[in-house]
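K.L.:
Can you build the whole structure from these sequences, using the hints too?
Chains as they are written, first to last, in my numbering: chain W, 292 to 577; chain D, 292 to 577; chain P, 292 to 577; chain L, 292 to 577.
Hints may be right or wrong, so weigh each one.
With a straight-line Cα cutoff of 25 Å, these simulated SDA-like cross-link-like pairs (lysine to any residue) come out [claimed, not checked]:
{"#": "1", "chain 1": "D", "residue 1": "K304", "chain 2": "D", "residue 2": "I370"}
{"#": "2", "chain 1": "W", "residue 1": "K304", "chain 2": "P", "residue 2": "E561"}
{"#": "3", "chain 1": "P", "residue 1": "K553", "chain 2": "D", "residue 2": "Y427"}
{"#": "4", "chain 1": "P", "residue 1": "K304", "chain 2": "D", "residue 2": "Q428"}
{"#": "5", "chain 1": "L", "residue 1": "K304", "chain 2": "L", "residue 2": "A549"}
{"#": "6", "chain 1": "D", "residue 1": "K553", "chain 2": "D", "residue 2": "E397"}
{"#": "7", "chain 1": "W", "residue 1": "K553", "chain 2": "W", "residue 2": "G348"}
{"#": "8", "chain 1": "W", "residue 1": "K553", "chain 2": "L", "residue 2": "R507"}
{"#": "9", "chain 1": "D", "residue 1": "K553", "chain 2": "W", "residue 2": "P494"}
{"#": "10", "chain 1": "W", "residue 1": "K553", "chain 2": "P", "residue 2": "P560"}
{"#": "11", "chain 1": "D", "residue 1": "K553", "chain 2": "L", "residue 2": "E561"}
{"#": "12", "chain 1": "D", "residue 1": "K553", "chain 2": "P", "residue 2": "S505"}
Just so you know, the hints here were simulated from the structure itself, not pulled from any lab data.
4 protein chains.
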Amino acid sequence: MARRFGLVAAHGKPEAGQLAEEIRRWLTARGCAVAGEGELAAQWSDRDVIVAIGGDGLIMRVAHAYPGIPILGINVGRIGFLALAEREDWQRALSELVAGRYHVQEGPTLAVQLERRGELLVDGWAINDVVIRAGYQLIEVELYVDGQFVNTYPGDGMIVATPQGSTAYCMAAGGPVLTAGVHGFAVTPICPHSPIRIALVVPEQATIEQVYLSEREARLIIDGEPVLALERGDLVRVTRGSHTFRLVVLPGTNFYEAFRSKFNFQIRPEAQPSRGNERAPRSGAR
Amino acid sequence: MARRFGLVAAHGKPEAGQLAEEIRRWLTARGCAVAGEGELAAQWSDRDVIVAIGGDGLIMRVAHAYPGIPILGINVGRIGFLALAEREDWQRALSELVAGRYHVQEGPTLAVQLERRGELLVDGWAINDVVIRAGYQLIEVELYVDGQFVNTYPGDGMIVATPQGSTAYCMAAGGPVLTAGVHGFAVTPICPHSPIRIALVVPEQATIEQVYLSEREARLIIDGEPVLALERGDLVRVTRGSHTFRLVVLPGTNFYEAFRSKFNFQIRPEAQPSRGNERAPRSGAR
Amino acid sequence: MARRFGLVAAHGKPEAGQLAEEIRRWLTARGCAVAGEGELAAQWSDRDVIVAIGGDGLIMRVAHAYPGIPILGINVGRIGFLALAEREDWQRALSELVAGRYHVQEGPTLAVQLERRGELLVDGWAINDVVIRAGYQLIEVELYVDGQFVNTYPGDGMIVATPQGSTAYCMAAGGPVLTAGVHGFAVTPICPHSPIRIALVVPEQATIEQVYLSEREARLIIDGEPVLALERGDLVRVTRGSHTFRLVVLPGTNFYEAFRSKFNFQIRPEAQPSRGNERAPRSGAR
Amino acid sequence: MARRFGLVAAHGKPEAGQLAEEIRRWLTARGCAVAGEGELAAQWSDRDVIVAIGGDGLIMRVAHAYPGIPILGINVGRIGFLALAEREDWQRALSELVAGRYHVQEGPTLAVQLERRGELLVDGWAINDVVIRAGYQLIEVELYVDGQFVNTYPGDGMIVATPQGSTAYCMAAGGPVLTAGVHGFAVTPICPHSPIRIALVVPEQATIEQVYLSEREARLIIDGEPVLALERGDLVRVTRGSHTFRLVVLPGTNFYEAFRSKFNFQIRPEAQPSRGNERAPRSGAR
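P.N.:
Laid out in structure tokens, this is it:
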């Protein structure tokens with residue numbers, strides 16, 4: 292049963308701010324404590340849930356700022372894949388939350404370190420992915436897993452993704468979708484200039500090292516944010532992070548249903564699941 | 292330190308039988324107990340290691356016959372991916388084994404059940420993969436994970452693979468390679484007749500159900516062996532199996548090196564790993 | 292302006308037979324000559340158009356029986372990709388036809404010859420594709436183009452497809468879609484057991500030769516029909532065929548629209564084309 | 292029989308300059324006229340062949356500067372795919388050339404126009420490819436072929452490639468390889484954020500239009516050169532260009548052999564082509 296809430300709305304989206312006001316009133320009227328963005332800094336560690344009104348970008352930002360607190364995303368963006376509740380459903384969603392009818396889905400994070408000539412320049416962490424990405428020219432990246440050389444990849448770079456991040460850039464680059472609960476990370480080359488191409492999934496315990504071999508412009512990108520221009524010889528080390536990403540999942544929410552509808556993943560849209568009704572009640576699932 | 296051995300050679304390969312004799316003498320001379328195929332049935336549960344001389348097919352057969360016992364494969368087949376020791380290396384490999392310089396890599400297995408009109412027709416298990424595979428015409432398979440409908444796939448069928456099986460048919464169908472230690476199974480459609488295509492990796496705890504929707508010829512294939520002709524409405528349920536697949540891994544053996552050489556996975560064959568020598572001594576690694 | 296029609300309905304589909312009767316009456320009432328399946332054998336070469344009522348399988352059968360005559364397919368099957376008119380649209384479609392408001396889209400065919408120990412066992416032709424396809428076990432196929440060795444492909448076989456066939460098995464195997472008017476054939480390996488994978492498009496003038504290297508069960512399949520069990524050493528030669536495949540295309544019919552709707556190829560289903568109205572009137576299209 | 296040569300060496304590669312000197316002496320000694328880079332501007336239109344010493348980048352530059360003249364590339368770069376002669380082979384290559392033992396392989400070019408608010412900002416042409424490419428964030432591109440809407444692609448952009456360009460970025464993005472002589476262009480989305488993905492091949496006569504829908508940073512790249520930062524609403528139109536790209540091909544040169552060796556496209560490196568000797572003598576190849 293969630294009683295203490297944080298509340299964060301996407302900047303620059305008036306409808307998000309308005310909805311935040313409505314939600315604050317609604318929660319307060321039900322006896323809940325609500326901390327807005329200003330107050331959160333002091334109080335976040337005792338919050339049961341943070342309600343984030345926006346898209347996936349906001350959820351990432353909130354998770355970075357308040358690591359480990361369960362987040363419920365209310366989608367006012369375009370394709371909210373982490374933002375599981377749709378805007379028009381907010382009352383139902385919050386009712387479930389207040390009534391304790393939810394569970395928290397945990398996902399691993401990635402720790403990322405960049406070493407340049409022995410110096411540690413970046414020491415961060417990621418919820419979705421750590422990406423080495425070329426500017427407008429082909430680059431080369433060497434990949435090692437647990438100290439073992441895997442390959443040299445000429446192309447547009449390399450993605451290391453968590454399960455929750457696998458539906459983002461990883462899938463776009465042709466990598467696999469890892470559903471929640473898989474203990475592994477996907478390592479997917481971006482447009483490798485080769486007829487040889489395979490995505491790897493490595494265990495969570497793996498140490499994934501990448502050496503940047505080119506002089507050309509490329510960046511280290513963490514959860515979609517470019518953090519550093521790479522230099523030849525840079526070593527990017529990715530391991531399992533110490534934080535846990537926690538997402539509030541409401542009854543009737545279902546990864547496959549969401550994936551099907553948000554990505555139009557419907558090979559035969561007219562097909563009726565033969566076992567749909569008896570086994571997997573879809574009412575309420577959107 | 293391994294002292295009690297089982298010894299199995301591929302049938303129909305005279306060189307495998309000959310090598311088995313040599314190995315038996317070599318092991319006996321070093322004070323080890325060796326049970327040949329005839330004697331194994333009675334003694335297998337007390338064996339430390341079974342030495343299998345042949346290709347991957349033999350290792351699968353041995354693992355099915357003597358579940359849970361660590362296997363060292365000596366490759367006399369063409370592409371032995373599970374058979375990690377090459378024929379010419381057998382003395383070094385057995386020396387390591389007898390000296391106890393090895394570890395046992397554990398992999399999950401798959402339990403598979405086929406229900407037809409409520410009756411259980413197949414109750415088996417797999418080391419590599421469970422496959423629904425069309426004959427010469429397009430078939431349709433419905434996929435559910437944990438009771439949730441995923442999609443209806445028209446095409447050549449569907450593969451559920453373990454990590455050790457992911458380099459077999461799963462990779463061929465465009466699925467990901469799951470390295471040892473990943474807790475998940477790959478679910479890969481075979482030639483789906485659609486521009487929509489994605490491979491999924493699901494947690495080991497998942498229940499993967501497939502409903503066969505066509506009248507056309509198709510088979511259930513377990514670890515490469517066709518076990519049953521499918522009928523419309525058949526339900527194939529795959530979960531984590533109770534057995535564990537155990538493979539003997541010797542020092543200097545390395546998945547990535549083996550994958551690179553056996554599948555010629557070398558995008559830039561002339562490239563020298565920049566960190567190869569300091570971190571990952573490759574001498575002895577083949 | 293089409294006046295002399297052939298009329299063929301799919302067997303075993305009562306609604307196709309009924310519709311054929313309606314269409315015969317409709318055409319006759321408009322002064323057209325109509326030959327049914329019985330009469331066609333004698334008269335087909337003077338027909339302007341053959342109307343085929345069924346799915347893509349029927350169109351292929353008709354095109355093989357009466358090569359070179361333009362065909363209008365009326366779809367009463369499931370996914371008719373060649374059958375461009377939908378059942379409920381038949382009157383509009385035939386009105387256009389009788390009024391001469393259509394064009395004939397021409398596609399190349401494939402000639403296929405199978406040689407076994409110097410003997411010619413198969414000498415046929417294909418509208419869509421020529422396929423070497425494994426039974427339930429991995430096979431090996433060697434590919435040559437214009438006498439040049441390309442590669443040895445272990446896997447499920449190989450597809451050579453025309454543009455009109457590229458949306459069938461070729462696409463399912465991960466190959467490209469060649470739109471009408473491309474002068475080339477797609478050569479796509481089926482589930483190659485390798486991380487190395489690429490589809491080739493070769494010129495229409497190319498000679499595509501495949502040598503079957505395995506002992507295992509496999510078949511030569513022409514336009515979806517298995518025609519022969521392959522034996523080790525068989526040579527399958529594919530070149531451009533002498534026939535032309537002719538499909539009647541009505542105004543408002545549009546490959547991309549059809550592809551989008553029949554294969555649900557809609558990445559963002561809600562997206563409105565920004566130039567849709569000014570340039571590509573979609574009313575009446577499907 | 293080639294007698295009048297142009298001679299261009301890659302800048303910044305001393306060995307290319309040195310080799311150019313050697314080649315000039317060698318050709319002059321054989322009575323050929325040789326124009327160096329300084330003299331070429333005046334004389335290029337009467338040259339039989341331009342010899343370009345460098346990598347593929349240089350060949351592209353030369354082909355843009357002197358359109359239509361056959362080019363022989365001598366590779367001193369890393370992976371020269373258009374530069375068909377290897378450095379150490381230069382004497383043999385030039386002997387063939389002088390003796391007239393070569394043919395000229397012709398490839399189509401692409402015309403590209405960019406319109407912004409009705410104004411024509413770019414009017415250029417490409418040998419390999421025209422690319423819309425995102426900076427570090429997802430962009431959206433709408434694709435039309437012959438005025439027909441195809442799809443809206445969120446992702447890293449889009450590639451239109453000629454056959455000679457298809458082994459470059461097109462292949463890297465998962466597109467098909469079009470061999471010489473195919474009359475068509477490949478249209479391949481770059482990392483589309485979707486499980487829906489297919490590469491298209493369209494006829495040479497097609498008009499390929501792309502509308503840039505995002506506000507984010509992206510560029511129009513022609514043959515690898517960024518030429519313009521894109522703005523929302525920009526229309527990029529690609530059609531067949533009026534120039535022809537001409538490449539000198541020497542006896543024993545063979546696309547498949549080159550592709551196999553340069554991209555290590557060898558699924559079974561140890562395999563001996565069963566028909567290799569009788570049909571496709573490989574001695575002297577590459």
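K.L.:
Run every hint past the structure and note whether it holds.
P.N.:
Cross-check of the supplied hints:
no.: 1; hint: K304(D) x I370(D); result: 15 Å, holds
no.: 2; hint: K304(W) x E561(P); result: 21 Å, holds
no.: 3; hint: K553(P) x Y427(D); result: 23 Å, holds
no.: 4; hint: K304(P) x Q428(D); result: 20 Å, holds
no.: 5; hint: K304(L) x A549(L); result: 24 Å, holds
no.: 6; hint: K553(D) x E397(D); result: 21 Å, holds
no.: 7; hint: K553(W) x G348(W); result: 16 Å, holds
no.: 8; hint: K553(W) x R507(L); result: 22 Å, holds
no.: 9; hint: K553(D) x P494(W); result: 22 Å, holds
no.: 10; hint: K553(W) x P560(P); result: 10 Å, holds
no.: 11; hint: K553(D) x E561(L); result: 11 Å, holds
no.: 12; hint: K553(D) x S505(P); result: 20 Å, holds
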